[in-house]
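One line per chain: the protein sequences are U and W, in this order. Residue 118 in my numbering sits at position 118 of the first sequence, with consecutive numbering throughout. Residue 285 in my numbering sits at position 285 of the second sequence, with consecutive numbering throughout.
Just so you know, not all the hints are guaranteed correct.
Derived DSBU-like pairs (lysine-lysine); straight-line CA-CA distance at most 35 angstroms [unchecked claim]:
(1) U:K24 <-> W:K330
(2) W:K63 <-> U:K194
(3) U:K31 <-> W:K14
(4) W:K67 <-> U:K67
(5) W:K197 <-> W:K156
(6) W:K14 <-> W:K156
The calculated label-pair distances, taken between Cβ atoms and stated as ranges, are [as the list claims (entries may be wrong)]:
(7) W:L19 <-> U:E167: 31 to 39 angstroms
(8) U:L28 <-> W:G287: 41 to 49 angstroms
(9) W:I9 <-> U:K31: 46 to 54 angstroms
(10) U:E65 <-> W:V12: 54 to 62 angstroms
(11) W:F4 <-> U:K31: 55 to 63 angstroms
Just so you know, these hints were derived from the structure itself, not from any lab. Every value quoted in this text rests on a predicted model; they were computed, and no experiment measured them. Just so it is clear, CB atoms sit at the ideal spot from N, CA and C, and this is done for glycine as well.
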Amino acid sequence: MATKTISVDIKTVKNDVYLVEIFKGLLLTLKHFLKIGAKSAYLAPTERRAGKLSTNNRATIQYPEEKWVPYPQYRGLHRLNKDEQDRTKCVACEMCATACPADCIFIEAERSPWADEFPNDPKREKHPKIYEIDVLRCIFCGFCEEACPCEAIELTEIYDFAAYSRENAVYDKEKLERVYDLTKDGKFYQEGRKLDFEF
Amino acid sequence: MDAFTQNLIFTVLKIAFVLTFTLLGVTMVILAERRFSAFIQDRLGPNRTWFGGLGQSFADGIKLIVKEDVIPNHVDRLVYLLAPVVMMTPALMIGAVIPFGATIPSGELWLPLLGANLENLVLQIANINVGILYFVSVTSIGVYGIVMGGWAQNNKYSLLGALRASAQMISYELPLGLSVVAVVLMAGSLSLGEIVKVQQEGFWFILNFPAFLVFLIAVFAETNRLPFDLAECEQELVAGYHTEYSSMKFGMFLLAEYANLITSSAFIVTLFFGGWDVPFYDETAHGLAGVLLSVIVFAIKISFFVFLFIWVRWSLPRFRYDQLMHLGWKRLLPISLATVVGTAILMVLFKDLYH
Ligand code: SF4
Ligand code: SF4
Chain U
1 MATKTISVDI
11 KTVKNDVYLV
21 EIFKGLLLTL
31 KHFLKIGAKS
41 AYLAPTERRA
51 GKLSTNNRAT
61 IQYPEEKWVP
71 YPQYRGLHRL
81 NKDEQDRTKC
91 VACEMCATAC
101 PADCIFIEAE
111 RSPWADEFPN
121 DPKREKHPKI
131 YEIDVLRCIF
141 CGFCEEACPC
151 EAIELTEIYD
161 FAAYSRENAV
171 YDKEKLERVY
181 DLTKDGKFYQ
191 EGRKLDFEF
Chain W
1 MDAFTQNLIF
11 TVLKIAFVLT
21 FTLLGVTMVI
31 LAERRFSAFI
41 QDRLGPNRTW
51 FGGLGQSFAD
61 GIKLIVKEDV
71 IPNHVDRLVY
81 LLAPVVMMTP
91 ALMIGAVIPF
101 GATIPSGELW
111 LPLLGANLEN
121 LVLQIANINV
131 GILYFVSVTS
141 IGVYGIVMGG
151 WAQNNKYSLL
161 GALRASAQMI
171 SYELPLGLSV
181 VAVVLMAGSL
191 SLGEIVKVQQ
201 EGFWFILNFP
211 AFLVFLIAVF
221 AETNRLPFDL
231 AECEQELVAG
241 YHTEYSSMKF
251 GMFLLAEYAN
261 LITSSAFIVT
271 LFFGGWDVPF
281 YDETAHGLAG
291 VLLSVIVFAI
301 KISFFVFLFI
311 WVRWSLPRFR
321 YDQLMHLGWK
331 RLLPISLATV
341 VGTAILMVLF
351 KDLYH
């Protein structure tokens, strides 16, 4: 392959004087300062995801009032999916707990109340009596989601679930199903919803 | 009440005013720096504390004061403790010679307690006749703070930072001094009050544009601001001369840096933009109101240059060290020499422009 030599002459008089280039640079930053003629590089995605422009067309999102809307593949807080009749999809197979590298899922199985409705489906025979995820230990890798044979556990887009105590950071079945209710239409942040647990 | 007591009272008042102005100014400039840099980068900056972030600097100050004051074991204790003071003191001392407003005529002073025979009140703490020399010498004391800080910490990065600062200061002191000589030639005096008066009667010294440009660049270097902040560049030297300072001692360095910014801007204004001179207006025409206006105009002019400092900092990259030396010795020095000679020749040719 032939080598192509490009010579860039940076030792021109114009560059040597500095002042011309400095002036150009100052003009550019002034445009950003005054918000005229210079588009923020961040503006487009912010606009798309936040549903509206951020305050003053700046890239900053004013957090508690405005919230960033994550992309659909975002791995946030877990939820336990339910079927059409509001029964948990989880069959307590413990695949997720096995796959979990942080060992933060605890499951205790029992015979499910709806076991008789599926006489030919051994999969629905069990359901979790206790299903707990310690989100303080979780590393949000999404392995549980991948391991699950029933698409019962999923990671949602929720990112702001800081808690005041360690106990509150353990999500039980009830909470995880509530998260499902809040996020099933994928519009948690667009609709301005909040997690209504004790934190 | 005799004249001495009067003078004393007014001097104390003036010192209080200048110190308050500088220190309050510092908090505002720090806030402005953070906000403006944010705007330049399409962010918002601190906007929560008090009204739109006005309290941010005070909150930061409280944080710095209550933080644990760590003195590392390996430092040279005395020098370590002295450095922030040596840095801070000259920064505040410079304010002493800057005239910050028009003279208040004796008839306008209504303070009845002070007796009837008041003299004209000059709004300048000390109108010494070597004001410019005072400025040049006091600013160069500031670099001792940096050098001492860098030396005391016993680590190579701080020492390198201090070394760079001192070399840079020496290189840029020359063009700075020479461009001031051009101003002195035009004004025919070393006293700052006189320099302002000459500009007020004639044209502002911005007329001598090359001298202004050299002075501006040299002042950027003297205040260790980007693009000349090689003494503390994070990428190479961690934080340079203040790497191992914590809590309010670090705060003192910060304070001194911004106080320097304000006083340097005040000097640029005094030397080249007519000081407190309000263009096309006779400050003595409306008594006290006119004097007040001159003080406000002076503050506005300073604000513009502070903005320029901030603006340049967030626009330009840092010079490489050899480029810095190249610029200082091979460019600015000849230019400033030529400026001095040129100004002298022009002053002889057009004698009646100023005198
Ligand atoms: S996301 Fe990863 S760490 Fe968290 S519960 Fe699932 S498998 Fe465990
Ligand atoms: S969530 Fe999925 S993998 Fe985990 S126990 Fe339930 S069904 Fe099995």
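Evaluation of the provided hints:
1. Taking the CA atoms of K24 (chain U) and K330 (chain W), the gap is near 24 angstroms; set against the 35 angstroms cutoff, the hint holds.
2. About 33 angstroms separates the Cα atoms of K63 (chain W) and K194 (chain U), which keeps this hinted pair within 35 angstroms; it holds.
3. In summary, the hint linking K31 (chain U) to K14 (chain W) is not supported, as the alpha carbons are separated by about 40 angstroms, beyond the 35 angstroms threshold.
4. Taken as a hint, the K67 (chain W) and K67 (chain U) pair is honoured in the structure, with Cα atoms around 32 angstroms apart against an allowance of 35 angstroms.
5. A hinted pair counts as satisfied when its Cα atoms are at most 35 angstroms apart, and K197 (chain W) with K156 (chain W) does not qualify at roughly 48 angstroms.
6. The hinted pair formed by K14 (chain W) and K156 (chain W) fails the criterion: a straight-line CA distance of about 43 angstroms is larger than 35 angstroms.
7. About 54 angstroms separates the C-beta atoms of L19 (chain W) and E167 (chain U), a value inconsistent with the hinted range of 31 to 39 angstroms.
8. A hinted range of 41 to 49 angstroms holds for the C-beta pair L28 (chain U) and G287 (chain W), which are about 46 angstroms apart.
9. Distance hint check for I9 (chain W) and K31 (chain U): the Cβ-Cβ separation is about 50 angstroms, which falls inside the suggested range of 46 to 54 angstroms.
10. For the pair E65 (chain U) and V12 (chain W), the beta carbons lie near 48 angstroms from each other, so the given range of 54 to 62 angstroms is not met.
11. Separated by about 57 angstroms at the C-beta atoms, F4 (chain W) and K31 (chain U) satisfy the suggested range of 55 to 63 angstroms.
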